[in-house]
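Asks: Read top to bottom, the protein sequences are chains P and S. Positions in the first sequence are counted from 1; adding 48 to them yields our numbering. Positions in the second sequence are counted from 1; adding 48 to them yields our numbering.
Quick caveat, the hints were computed from the structure, so don't treat them as lab data. Please note that the accuracy of each hint is not assured.
No farther apart than 30 Å at their CA atoms in a straight line, the calculated lysine-lysine pairs in the DSS-like style are these [what the hints assert, rightly or not]:
1. S:347 / S:372
2. P:64 / P:347
3. P:347 / S:203
4. S:76 / P:81
Reference excerpt, derived from the structure (chain S facing chain P, CB under 7 Å, subset only) [as the list claims (entries may be wrong)]:
5. 256
6. 258
7. 392
For each residue, glycine too, the CB sits at the ideal point set by N, CA and C.
There are 2 protein chains.
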Amino acid sequence: MNNFQFYSPTEFVFGKDTENECGKYVKKYGGTKVLIHYGGGSAVKSGLIDRVSQSLEAEGIEFVLLGGVQPNPRDTKIYEGIELCRKENVDFILSVGGGSCIDSSKAIALGVPYDGDFWDFYGTGKPVEKALPIGTVLTIAAAGSEGSGATVVTKEEGMLKRDCCSDLLRSKFSILNPALTQTLPAYQTACGATDIMAHVFERYFTNTSDVEITDRLCEAVLLTMINETPKVIANPDDYQARANIMWAGTVAHNDIVGVGRDQDWNSHGIEHELSGLYDCAHGAGLAVIMPSWMEFVYKHNPMRFAQMATRVFGCQMDFENPEKTAVQGIACFRKFLKSIGMPINFEELGAKEEDIPVLVEKFGLGDGKTGGFVALSSEDVASIYKIAAHAKC
Amino acid sequence: MNNFQFYSPTEFVFGKDTENECGKYVKKYGGTKVLIHYGGGSAVKSGLIDRVSQSLEAEGIEFVLLGGVQPNPRDTKIYEGIELCRKENVDFILSVGGGSCIDSSKAIALGVPYDGDFWDFYGTGKPVEKALPIGTVLTIAAAGSEGSGATVVTKEEGMLKRDCCSDLLRSKFSILNPALTQTLPAYQTACGATDIMAHVFERYFTNTSDVEITDRLCEAVLLTMINETPKVIANPDDYQARANIMWAGTVAHNDIVGVGRDQDWNSHGIEHELSGLYDCAHGAGLAVIMPSWMEFVYKHNPMRFAQMATRVFGCQMDFENPEKTAVQGIACFRKFLKSIGMPINFEELGAKEEDIPVLVEKFGLGDGKTGGFVALSSEDVASIYKIAAHAKC
Numbered sequence: 049m050n051n052f053q054f055y056s057p058t059e060f061v062f063g064k065d066t067e068n069e070c071g072k073y074v075k076k077y078g079g080t081k082v083l084i085h086y087g088g089g090s091a092v093k094s095g096l097i098d099r100v101s102q103s104l105e106a107e108g109i110e111f112v113l114l115g116g117v118q119p120n121p122r123d124t125k126i127y128e129g130i131e132l133c134r135k136e137n138v139d140f141i142l143s144v145g146g147g148s149c150i151d152s153s154k155a156i157a158l159g160v161p162y163d164g165d166f167w168d169f170y171g172t173g174k175p176v177e178k179a180l181p182i183g184t185v186l187t188i189a190a191a192g193s194e195g196s197g198a199t200v201v202t203k204e205e206g207m208l209k210r211d212c213c214s215d216l217l218r219s220k221f222s223i224l225n226p227a228l229t230q231t232l233p234a235y236q237t238a239c240g241a242t243d244i245m246a247h248v249f250e251r252y253f254t255n256t257s258d259v260e261i262t263d264r265l266c267e268a269v270l271l272t273m274i275n276e277t278p279k280v281i282a283n284p285d286d287y288q289a290r291a292n293i294m295w296a297g298t299v300a301h302n303d304i305v306g307v308g309r310d311q312d313w314n315s316h317g318i319e320h321e322l323s324g325l326y327d328c329a330h331g332a333g334l335a336v337i338m339p340s341w342m343e344f345v346y347k348h349n350p351m352r353f354a355q356m357a358t359r360v361f362g363c364q365m366d367f368e369n370p371e372k373t374a375v376q377g378i379a380c381f382r383k384f385l386k387s388i389g390m391p392i393n394f395e396e397l398g399a400k401e402e403d404i405p406v407l408v409e410k411f412g413l414g415d416g417k418t419g420g421f422v423a424l425s426s427e428d429v430a431s432i433y434k435i436a437a438h439a440k441c
Numbered sequence: 049m050n051n052f053q054f055y056s057p058t059e060f061v062f063g064k065d066t067e068n069e070c071g072k073y074v075k076k077y078g079g080t081k082v083l084i085h086y087g088g089g090s091a092v093k094s095g096l097i098d099r100v101s102q103s104l105e106a107e108g109i110e111f112v113l114l115g116g117v118q119p120n121p122r123d124t125k126i127y128e129g130i131e132l133c134r135k136e137n138v139d140f141i142l143s144v145g146g147g148s149c150i151d152s153s154k155a156i157a158l159g160v161p162y163d164g165d166f167w168d169f170y171g172t173g174k175p176v177e178k179a180l181p182i183g184t185v186l187t188i189a190a191a192g193s194e195g196s197g198a199t200v201v202t203k204e205e206g207m208l209k210r211d212c213c214s215d216l217l218r219s220k221f222s223i224l225n226p227a228l229t230q231t232l233p234a235y236q237t238a239c240g241a242t243d244i245m246a247h248v249f250e251r252y253f254t255n256t257s258d259v260e261i262t263d264r265l266c267e268a269v270l271l272t273m274i275n276e277t278p279k280v281i282a283n284p285d286d287y288q289a290r291a292n293i294m295w296a297g298t299v300a301h302n303d304i305v306g307v308g309r310d311q312d313w314n315s316h317g318i319e320h321e322l323s324g325l326y327d328c329a330h331g332a333g334l335a336v337i338m339p340s341w342m343e344f345v346y347k348h349n350p351m352r353f354a355q356m357a358t359r360v361f362g363c364q365m366d367f368e369n370p371e372k373t374a375v376q377g378i379a380c381f382r383k384f385l386k387s388i389g390m391p392i393n394f395e396e397l398g399a400k401e402e403d404i405p406v407l408v409e410k411f412g413l414g415d416g417k418t419g420g421f422v423a424l425s426s427e428d429v430a431s432i433y434k435i436a437a438h439a440k441c
């Protein structure tokens, strides 16, 4: 096990009607003038923005509103938010939405007190030194951004999708009401579930040995997702299954399932070029990429994939031939994704095989390699896109 | 799933040599004059207190020392600590030891700024309004106090063991170096492992249904303990197994494995009277009580015990007769405890059957009942002690 730090100071407030408490929590964490940042019209139509506004009013907290965050959140909206916050002397950002909305909120939070362009922090590793405090009211179980210090946004010029990470960007509080996710269409629900499982797998396939506790916690989240996701696809109003998935989504990404080990985030990186280019859902892109990446790398450590196959998908271990068990596990994962309505190849996603050179170019490795479970060259990335283009169940 | 709040703001710093960073963390969290609180001579003899002192000195932080915390920490030492902190204007408490030392530190932390008797907060539910900040350097994987807001101490007069809980008592940081636990004798190691497993079981047996994610996380910790504990009993220097157990101990008790459900802490309560009366190790007492409590209550929900039996101990599910599977699981647990050298009945613990009326009297239910998975009367508690008195593998 590697040395590590684990720090997850966010106060999570989970359950029915908890959005009505957001005013109380904004006050607890010092907010006096709030930007309510949200996505499409559904948060307005459902009455959620009204309930949140009333909760702030009840505490005597002023606020301004900025909606219109798109999936794969754009820099243009972030510049708009930064300008509005400065003009209105906003000192707290309240995100009401899913991961895109939270990530946009984090970008605004770090941009407001910064003299230069907020984009300076994205994809560069430049350390964040100051940020407005943020809180979240989550409406989609997927990105895990409500419990992480990470933010991923897209620069419209060139559709570049880049990330930034800092403890200063962790939510002070996150309000998680599973009932708010009950109106989500099955496709978006499944995209979210795929993202959650991918967050675990990116941490599970590691070259660090002897991390039994972290392995077991990973498997706990994966087993939960396999058990609960089909329930909500069949019955969107299943509150209990929604609740299990929502909390699993947070646990999957606050790094409790990742500590003590090297991690591999190449599938996320390879997917980001797909959703960057085609503006598809991140989870759908991951459903196409993640099992394809697995097929490309599993021979590096078949026993680790066989462990996943047996512990998570209940495959029978073939001790004579662990590679066979590994391959079965990967097939089970893809089959599961298909069963919840996810695309599993380029055609189903709306991507084109002839774009592979463009995707690889945008991925930007050049003659270099990425680190991770298996270090990948541009040629390897092209091979993974190729597997993904033709994947079948 | 019940509504819940989850808040675990402690910064965990895990791995080899991390105790040398404690000065840096005391500084980060605002300490300028520190009480180093520790237990027996082993922390001095091993050089740990020297290393911790040097780390504070390197940051220019003054400190005073107070050792001598006993297992089942006593009020007398706490009064001594409170007086010393007031006299020396201490503003930060650094606990260097195991759960007893941390619990004693928490009692001092809440006692220093309080006008009355610190004991007022124990067993009464009186809310803590102010406490000095604390940090911990952990030397035993067991109590989970390094990641919780709880403290349990013993009043010498009458040997009363009572608890208190507050977010204000959570460590600012916890330094966890598994190598520091390598010198622990097998018996103490096994006591710690039993305590860790008990912290999970107290949360696992619940009347709340549909908590798959929390169930799975519980099982993850239990599976880890079953896999790793025999390794350290066989080879005390196994750093990796020590590391898995140490982190499992923290995860078992910061409530990530307990959220969203009613919990049952009766086994802990019933055990506290044993370690209160006989001054035996808490873990050893739990090894005697916990399976006996299980035998007394499993018929209330055999399927939950059967789930534990199959998922944790690998028993075969008997769908015709789930009670049989439940009983098998409990037997597996007791057999496991025996295999790691724990006592499993009164005689092996050094307790006396004729003391049962005294134990029940001290438990203090009178004609009332405790809540939990199964509400217990004084008669029920006596029955559990009786099962424990005669338990066999």
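Asks: Indicate, hint by hint, whether the structure satisfies it.
Replies: Evaluation of the provided hints:
Only pairs whose Cα atoms come within 30 Å are accepted, and residue 347 of chain S paired with residue 372 of chain S is accepted, the gap being roughly 10 Å. Restraint check: the Cα-Cα separation between residue 64 of chain P and residue 347 of chain P comes to about 45 Å, which exceeds 30 Å; the hinted pair is violated. For the hint pairing residue 347 of chain P with residue 203 of chain S, the CA-to-CA distance comes to about 60 Å; that exceeds 30 Å, so the pair is violated. At most 30 Å may separate the alpha-carbon atoms for a hinted pair to count; residue 76 of chain S and residue 81 of chain P meet this at roughly 29 Å.
The beta carbon of residue 256 of chain S comes no nearer than 10 Å to any beta carbon in chain P, farther than 7 Å, and the hint placing it at the interface is violated. Taking 7 Å as the C-beta contact cut-off toward chain P, the hint placing residue 258 of chain S at the interface holds, the least distance being around 4 Å. Using the Cβ-Cβ criterion of 7 Å, the hint placing residue 392 of chain S at the interface with chain P is not satisfied: the shortest such distance is roughly 26 Å.
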